[in-house]
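Residue numbers (our numbering), protein chains in the order written: chain A, 2 to 162; chain B, 5 to 795; chain C, 309 to 447.
Do not rely on the hints blindly, as some may be mistaken.
[What the hints assert, rightly or not] Chain C regions said to be covered by chain B (calculated; three or more residues, Cβ under 8 Å):
no., region
1, 311-322
2, 346-354
3, 399-408
4, 420-430
[As the list claims (entries may be wrong)] A few chain B residues that face chain C, going by a derived Cβ cut-off under 8 Å, partial list only:
no., residue
5, Val608
6, Ala610
7, Gly630
8, Ala692
9, Leu757
No wet-lab data here; the hints were simulated from the structure. No residue lacks a Cβ here, since even glycine has one placed at the ideal position from N, Cα and C.
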Amino acid sequence: MRPVDSGAAPRLPGADEIDPVRRSVVLETVVRLVFHTVLVFSLYLLFAGHNSPGGGFVGGLVAGCAFVLRYVAAGRGALREAVPVDPGVPLGLGLVLATATGLAGLVAGGQFLESGKVSLDLPVLGVVKATSALPFDTGVFLVVLGLVLGLLRSLGAEAER
Amino acid sequence: MLALIAAHGVLAVLAPWLFARLGPRVFLVMALAPAAATAWAASSARDVVAGRPVEQATAWVPGLGLTLDLRLDALGLLMVTLVGGVGTLVLVYCAWYFPGDRQGLGRFAGVLTGFTGAMLGLVLADDLILLYVFWELTSVTSYLLIGHDDEDPESRRAAQQALLVTAFGGLTMLAGFVLLSQAAGTSSLSALLADPPSGGMVPAGLVLVLVGAFTKSAQVPFHPWLPSAMAAPTPVSAYLHAAAMVKAGVYLVARLAPAFAVVPLWRPVVLTVGLATMLVGGWRALRQTDLKRLLAFGTVSQLGFLMVLFGAGTAEAALAGAALLLAHGLFKAALFLSVGVVDHATGTRDMRELSGVGRQLPLVGLAAGSAALSMAGVPLLFGFVSKEAAYEAFLHGSTSDAIVFAGLVAGSVMTAAYSARFVWGAFATKNHLVRNEVHAPSPGLVLPVVLLAGAGLLLGVLPSLADPLVQAYAASYPGPSPEHLALWHGPTAALGWSLVTLALAALLFRSRSAVGRAQRRATRVLSRVDADRSFARVLDAVEVLARRTTAVAQSGSLPVYLGTVLATLVVLPGLALLLTSRVSADLTPWDRPLQPVVGVLIAVAAVAAARARRRFTAVLHLGAVGYGIAVLFVLHGAPDLALTQFLVETLALVIFVFVLRRLPATFVRRPARTSQAVRVGIALAVGAFVTGAVLVSGQARTAAPASQAYLDRSLDEAGGSNVVNVVLVDFRGFDTLGEITVLAVAAMGIASLVLAGRGRGSKVAAGETALTAAGGQATDEPGTSAPEAVR
Amino acid sequence: MTGNLTLALLMGLLYGVGTYLLLQRTLTRVVVGLGLLAHGANLLLLQAGGPPGVAPFVGPEGAGVVVTSFGEGTADPLPQAMVLTAIVISFGVTAFLLALAFRSWVLTGDDEVRDDVEDARVARERPQEQAHTDPEAEL
């Protein structure tokens with residue numbers, strides 16, 4: 002990320018593209034503080050979704066909200082700094098991941114999308130259960146995130162000009 | 005058999021490629037396919053004539069019970085010989101007929117070969133549906149061949165007319181086939197004929213099938229497409245419109261007659277149409293000046309003759325029909341090809357411009373002359389043998405037979421007269437005309453004519469060569485087997501009538517100018533019932549009807565379309581709901597006390613969204629509704645839904661705001677009160693319908709929910725406690741996979757809608773301003789959607 | 309099985325208002341109407357699954373109350389999964405329609421849905437009489 006300008010308050014990278022008069026120090030600061038928390042929360046929702054409320058859809062939407070905040074607070078420059086890739090990348094990755102999970106079931110000798118689960122006894126974390134639903138849900142997460150990012154880019158950033 | 009048909013298809017596909025290498029000689033390669041078919045038919049002839057048909061069955065669509073059943077019996081053998089033999093000669097003829105640099109000749113060769121394959125399939129098919137498929141294939145290829153010269157409007161019109169008429173007949177025939185196969189319980193042709201069904205559906209089905217046969221074989225009143233089709237190149241006319249395709253209708257009648265001629269409706273319909281066609285065709289042929297049109301009307305006439313013979317349903321008539329089928333294929337193809345030679349050599353085929361051609365092209369003149377004599381029914385030629393048999397078949401019967409016989413004699417008189425007119429018109433030396441410059445045709449053009457005419461002569465002298473074959477077909481009819489074909493049956497009544505026919509024809513030909521005047525006068529009166537004009541009028545009427553329907557049904561207004569759909573929803577299922585369903589009194593006002601409170605809030609917000617004048621207000625109210633729904637989800641026991649709904653509503657608001665930045669702040673008010681009242685009316689009706697449907701359907705549950713299994717298996721099999729999530733990613737994972745695909749497609753659609761016309765900006769990563777173009781406003785004007793416009 | 313009168317009336321209202329807006333010419337109002345219709349449909353799906361209950365979580369690790377059978381008042385999970393799908397899909401549709409509205413603004417300056425020009429032309433035009441020539445001539 003680019004070095005922040007010399008202001009006293011921590012600012013969002015890329016925000017200097019908008020008119021200084023229209024910038025809001027409070028908003029930028031708050032967003033800078035919350036952004037990572039929201040992202041981590043979205044990951045929590047993704048991983049916890051199999052057993053408690055949450056899941057790929059909700060997680061993806063929350064993650065998308067984090068980027069919405071960044072864009073709303075500091076404009077398209079900030080969005081560009083935060084997302085260095087084309088929204089098509091998470092979109093495509095998500096689809097590939099979800100399909101690959103399905104095909105894995107086929108390769109393992111079962112049906113397309115047949116689920117499997119393993120239980121690992123890791124030294125520090127204790128017993129960790131992993132199911133094939135997780136990569137699938139991660140695919141969903143990425144697609145939803147990609148959709149929101151795409152909307153931000155097209156209807157948000159591009160339509161601005 | 006299948007391999008033979010497939011070989012035609014393969015060659016047809018290869019034709020354009022081969023043409024690029026071989027030029028017009030590509031037709032010689034193409035000719036190998038029908039030649040192989042003919043050779044194969046000849047090799048199977050012994051078995052077939054002995055009553056052992058060759059059969060082949062291949063599975064096609066097992067799920068629908070469709071099979072590729074092919075069968076070669078006596079009638080099939082006759083047709084294959086004709087189709088394959090004439091096809092081979094016509095293709096050879098083509099190799100010298102077309103100049104090598106002609107546009108689209110490769111395509112033409114392919115289509116012509118494809119047609120040959122389809123025609124073989126048609127006559128070999130032993131299944132009604134399969135027959136229909138080949139039938140339509142011949143229609144389509146015929147369309148392409150007639151319209152070969154696609155820059156000539158007349159040829160396009162003729163092609164369209166032929167396609168419309170034959171496709172109309174084909175569809176009618178399909179309906180008839182469906183009726184027949186329903187009545188019989190099978191679509192197998194041989195099974196249908198072996199055990200003919202009966203009942204009310206059978207006559208209806210037969211009439212429909214006959215309409216198909218009549219259109220294909222150019223019977224009155226569907227005949228005008230055939231003379232129009234003379235716009236096609238001459239080899240096509242010789243093959244499709246004389247020897248092969250137009251015989252398909254006759255073939256179908258010949259195929260069905262042994263079993264169905266006893267159905268009361270059959271004979272009156274077929275005999276009337278056939279006789280009318282024979283007379284109309286002959287009458288019209290007498291006044292044509294274009295040699296091809298003369299032959300075309302002659303073909304119409306002869307097809308009517310064939311219809312009569314096969315439709316009569318007696319073994320004797322069928323014998324004559326089979327013989328005439330062969331004879332007509334030989335002499336008509338020869339005559340058409342000879343017209344092609346004359347046209348090639350002189351540059352015209354108008355008999356008002358031709359003179360002295362016979363002297364300069366003696367071989368062609370002789371061959372064509374012998375073919376014309378065969379057509380006229382002069383002894384020593386095969387045409388005579390077959391017509392003699394035809395006379396014989398109708399000479400000794402009832403009153404109706406006598407009427408038919410009179411018609412046949414009248415038709416044959418005209419046939420002989422226009423045969424004479426043809427020879428005179430094409431080859432005679434006319435004193436008032438300048439003799440044509442003739443350049444010699446190549447042997448490749450003359451040889452097929454000579455071979456075809458020679459075959460007619462050979463069979464005329466030795467009819468016993470063809471006798472076993474036609475006898476084998478006639479044997480499929482009930483009753484005693486008819487007399488053998490022969491040149492000399494002794495001094496019979498039929499012979500006498502033949503001589504009378506020829507004498508009358510000579511008289512008719514001699515007084516041709518008087519006949520012409522009479523025809524002109526008659527035409528003035530008859531023009532009102534002219535079939536060609538009627539066809540044009542029907543087409544115009546259809547077009548007017550289509551436009552009016554379109555104007556009414558396709559108004560182009562989105563609210564009208566949606567209103568129609570929704571009104572239908574209310575009227576049809578709504579009426580059913582009202583008439584058949586009762587709501588029991590077992591209703592609760594609410595399940596949770598909070599529900600009515602939230603419900604009222606949602607209702608207020610929804611109505612406010614509809615009434616809002618400002619866009620932003622409407623959107624905010626929609627958001628309020630969404631949050632209210634989220635609360636209802638919580639009350640229902642669906643935390644996942646509530647969470648999702650809440651997030652989606654928030655994001656949707658953001659997106660709305662993005663777009664609303666651009667749009668005007670308020671809605672445009674429209675003063676149309678009546679349409680507003682209609683909208684309100686439809687809206688109220690839909691709302692009432694949904695309320696009723698919810699109450700009724702909520703009480704209509706009979707089966708236990710499927711979800712118990714999900715609850716039971718969720719933890720053990722999928723390792724998850726959140727059953728909703730497990731359903732999404734595991735039990736019904738396929739649905740979810742589909743859904744995220746839809747999301748991806750939507751994302752791409754949105755990107756292309758918004759970024760279209762923004763040049764390379766659409767390709768770079770989010771927000772990366774590769775475009776330094778002027779402010780967005782200026783580039784967003786209409787007409788700048790092309791990427792270049794931005795720069 | 310009983311019916312919930314409040315929800316039935318609410319669904320009727322959402323459908324009614326949604327329909328009214330759907331029949332408008334302004335794309336923004338159409339989108340709002342479609343949103344209301346989607347809400348109504350989601351409620352309908354959920355309601356079709358039966359009466360409300362405890363959130364469907366099973367097993368030892370579930371959050372909150374754990375139930376294993378319908379008899380004990382669990383909400384039906386299947387319609388919930390369907391509604392979840394429907395919510396996200398309608399979000400996608402809304403976004404797409406908004407992109408359409410945006411495109412319409414780019415091209416015409418507003419988001420009115422106009423009548424199809426081509427259809428109007430077809431409705432106005434009279435078919436032309438075609439001259440059919442008779443190729444026959446006399447000798």
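Here is how each hint holds up against the structure:
no., hint, verdict
1, 311-322, "holds (count 12)"
2, 346-354, "holds (count 6)"
3, 399-408, "holds (count 9)"
4, 420-430, "holds (count 9)"
5, Val608, "violated (10 Å)"
6, Ala610, "holds (5 Å)"
7, Gly630, "holds (7 Å)"
8, Ala692, "holds (6 Å)"
9, Leu757, "holds (4 Å)"
In this structure, the one hint that does not hold is number 5.
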